[in-house]
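One letter stands for each residue in the lines below.
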Amino acid sequence: MIVRNDIAIKICMGPAGIAAGGKAVLEAFRQELSRSDIPATLQDKCSSHQVGCLGLCARDVLVKVFINGDKTIYQYVKPGMVERIVAEHIIGGTPVQEWLVDEAYENFYKKQVKVVLADVGRVDPEDINDYIRTGGYESAREMLLERSPLDVIAEIKASGLRGRGGAGFLTGLKWELARMSGEKDKYIICNADEGDPGAFMDRAVIEGNPHSVIEGMIIGAFAVGAEKGYVYIRAEYPLAVERLKSAINQAYEAGYLGKEIFRTPVNFDVKIKLGAGAFVCGEETALIASIEGERGMPRPKPPFPVNKGLWQQPTVINNVETLANIPYIIRNGCGWYASYGTESSRGTKVFALTGKIKNTGLIEVPMGIPLKDIIYDIGGGIEGGKALKAVQTGGPSGGCIPADMLDLKVDYESLSRAGSIVGSGGMIVLDEDDCMVNMAKYFIQFTQAESCGKCVPCRVGTKRLLEMLDRITKGHGKEGDIERLERMCTGIKTSSLCGLGQTAPNPVLSTLKHFREEYEAHIRDKKCPAKACKELLTYRIREDLCKGCGACLKACPSGAITGEKKKPHKIYSDICIRCGACFEVCKFNSVERE
Amino acid sequence: MEILEGIANKYREGEGNIISLLQDTQEAFGCITREAINYFSEELGIPPSRLYGVATFYAQFRLKPAGRHIITACCGTACHVRGAERIISGLQRELDITENEDTTPDREFTLEKVACLGTCSFAPVALIDGNVRGKANLDTIVKEIKKIKKDDREK
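Here the protein sequences come in this chain order: A and B.
Our numbering numbers the first residue of the first sequence as 1 and each following residue consecutively.
Our numbering numbers the first residue of the second sequence as 595 and each following residue consecutively.
Incorrect hints may have been included.
[What the hints assert, rightly or not] List of simulated lysine to aspartate or glutamate pairs, EDC-like, C-alpha gap at most 16 Å: (1) B:Lys744 to B:Glu688; (2) B:Lys743 to B:Asp690; (3) A:Lys534 to A:Asp574; (4) A:Lys71 to A:Asp102; (5) A:Lys531 to B:Glu679; (6) A:Lys308 to A:Asp185; (7) B:Lys744 to B:Glu702; (8) B:Lys658 to B:Glu629; (9) A:Lys531 to A:Asp481; (10) A:Lys554 to B:Glu688; (11) A:Lys534 to B:Asp746; (12) B:Lys729 to A:Glu594; (13) A:Lys64 to A:Glu106; (14) B:Lys658 to B:Asp696; (15) A:Lys554 to B:Asp733.
It should be emphasised that the hints constitute simulated quantities derived from the structure, not laboratory data.
Source: prediction; values computed, not measured.
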């Protein structure tokens, strides 16, 4: 037997990894390893642990096996496959070829640059020593012991890092403004209230490498002179909360948090505050109100939180991804970070690539990468041979970029020129079956429900927008609706109190800009070109194709289908509720939809 | 009552705010009852309107108890484009829950909608009593619901 003295098995336990059965796979490895006494023969050098999101969620459960530093990756691992992997690979030394990742997996990583995600999937998120082994907390130690707060601010300013929560404000500048404020009690808040539907970057960072966020907070607190910090995190992320709690406790034990941290005169305490489910609390002033225990309603700015924030004290609010970047920027230097990206958008950005794309997952790319490279090289193209229609970025505050603009560079300015935003990093790929009017309605539905109700333009405006879009998708659109929509959107955008209202019309405006003809088809011809708006569809059974198998008859929930066995069936359109069940269940493509 | 007292004391000692007060209450009782609001109001000198205001602002708080089984349907964008709406309307039909309600009259099932569960690669996603059902389709979920109903009846 070959002597191997360092074996590590890493099992993806990101949100998708767990959903695909990560825990069962980990358990299977643990059982299999103890059953075959491998740790004994290998002198306890073989370990299996959970790691955060490995990226290519579409192939979960992903398992990485390191033998003396050589890495092998398995995809779609099920507990039943573990026995063979252990027997043939761990003991025998020959990887199980047919379960290894293929070329598509390699391509997924080729154009990515990992900074924030560099250690996500490498370190055990529940073990501080694993993070320390990779150089963790060295940046904080160096800054606190050897440098001044102004040095830190200068370094972050020079890196060009902009806030990754969506607004893109320069992080170094924000810190400087808070530093300059003369008050004594200052706060730093990590905004982990990731509320955009279709975005899970912050969750993956906290679940995969919580210590990088804590280290970022320590450095930020030192820079601005804050002694208290909060992490405001969604209660809907129980695993992230749990891992963050254990990471904070470990950091206290190690002397990195609390009194006189790193044996310097600096004090810094961090507390977790659980959000209670309100999208608007991602907005800074609403978040502050929520930490104070009130309804999360924004207030006018100025005064900005850097001057008057939590309990009326200067407060810096940074997003999870922004803070997780900090230790790596300090470790590798601002020049290194600034070498990625474009002139005005430096560094890398994490995106959650989802929707109708082959390789769904979490990606990190240099700013300024062409959208085309993300969709085709990293994403592997559109699923099921369909045509790409648009890419939605920035969630409910963003917009849709049409397929013919794929050469567009992904950075703050270019996306904004195209009528969308980088936002927090959701990237949803839409194909020919997606109706753009329906997408706009979906997002307005979301913002309307999440509007806090404080200011009229947002509260009433989004409601009226939704009613109009609802009417259009149901075939009751009227001449002049498009112009009315545009007028309303401009009104809401210019007169709403906070970012939620000011950006809420973006999904409508951008689809109006790039897909006006779809709105016209709904309004004038009462047709949905993508065949997605169910009120505009009619279902019909083609007699020449129907074999009379009765599958549709059984599937129909409203009893709208009749027919004798082995004879063509018929749909009564006045009873039909257009649920599409018959269309899906028919094996002979005899149900027609138009 | 003792539990309410404990929660109120925690608040009095300055360790919490209205949100954590209500979170503790919901954790203990499953929802925010009228009695709890009145009790805290008198004990802590907070107007009931303020407590009610916070309770109704955040999606997490329930004023009525949830059903014994909770089905959570994700309405995130990725799930939306992969047909979450069809699953939700199908479940509403199956469970006989109207648009404005979320729990069946016999309190057996609650159908919850959430904005995003962050497992977009398995869209559409639903949770049945906290267990993830990825790449969900109406048929298999309905089958599972029928099984739960049957098991409950046999108990």
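Against the structure, the hints come out as follows:
With a C-alpha separation of about 15 Å, the suggested pairing of Lys744 (chain B) with Glu688 (chain B) holds against the 16 Å cut-off. Annotation: proposed proximity of Lys743 (chain B) to Asp690 (chain B) holds, straight-line Cα distance about 14 Å (limit 16 Å). With a C-alpha separation of about 14 Å, the suggested pairing of Lys534 (chain A) with Asp574 (chain A) holds against the 16 Å cut-off. Among the hinted pairs, Lys71 (chain A) with Asp102 (chain A) is consistent with the structure: their alpha-carbon atoms are about 14 Å apart, no more than 16 Å.
A distance of roughly 15 Å separates the Cα atoms of Lys531 (chain A) and Glu679 (chain B); the hinted pair therefore holds under the 16 Å criterion. For a cut-off of 16 Å, the pair hint linking Lys308 (chain A) to Asp185 (chain A) stands: about 11 Å separates their Cα positions. For the proposed pair Lys744 (chain B) and Glu702 (chain B), the alpha carbon gap of about 12 Å is at most 16 Å, so the pair holds. Among the hinted pairs, Lys658 (chain B) with Glu629 (chain B) is consistent with the structure: their alpha-carbon atoms are about 12 Å apart, no more than 16 Å.
Taking the CA atoms of Lys531 (chain A) and Asp481 (chain A), the gap is about 21 Å. The hint is violated against a cut of 16 Å. Between the alpha carbons of Lys554 (chain A) and Glu688 (chain B) the distance comes to roughly 15 Å, so the proposed pair stays at or under 16 Å and holds. A hinted pair counts as satisfied when its Cα atoms are at most 16 Å apart, and Lys534 (chain A) with Asp746 (chain B) does not qualify at roughly 36 Å. Our distance criterion of 16 Å between C-alpha atoms is broken by Lys729 (chain B) and Glu594 (chain A), whose separation comes to about 26 Å.
A distance of roughly 14 Å separates the Cα atoms of Lys64 (chain A) and Glu106 (chain A); the hinted pair therefore holds under the 16 Å criterion. Only pairs whose Cα atoms come within 16 Å are accepted, and Lys658 (chain B) paired with Asp696 (chain B) is accepted, the gap being roughly 10 Å. Restraint check for Lys554 (chain A) and Asp733 (chain B): the C-alpha separation of about 12 Å stays at or below 16 Å, so the hint holds.
In this structure, the earlier hints numbered 9, 11 and 12 are contradicted, and the remaining ones agree with it.
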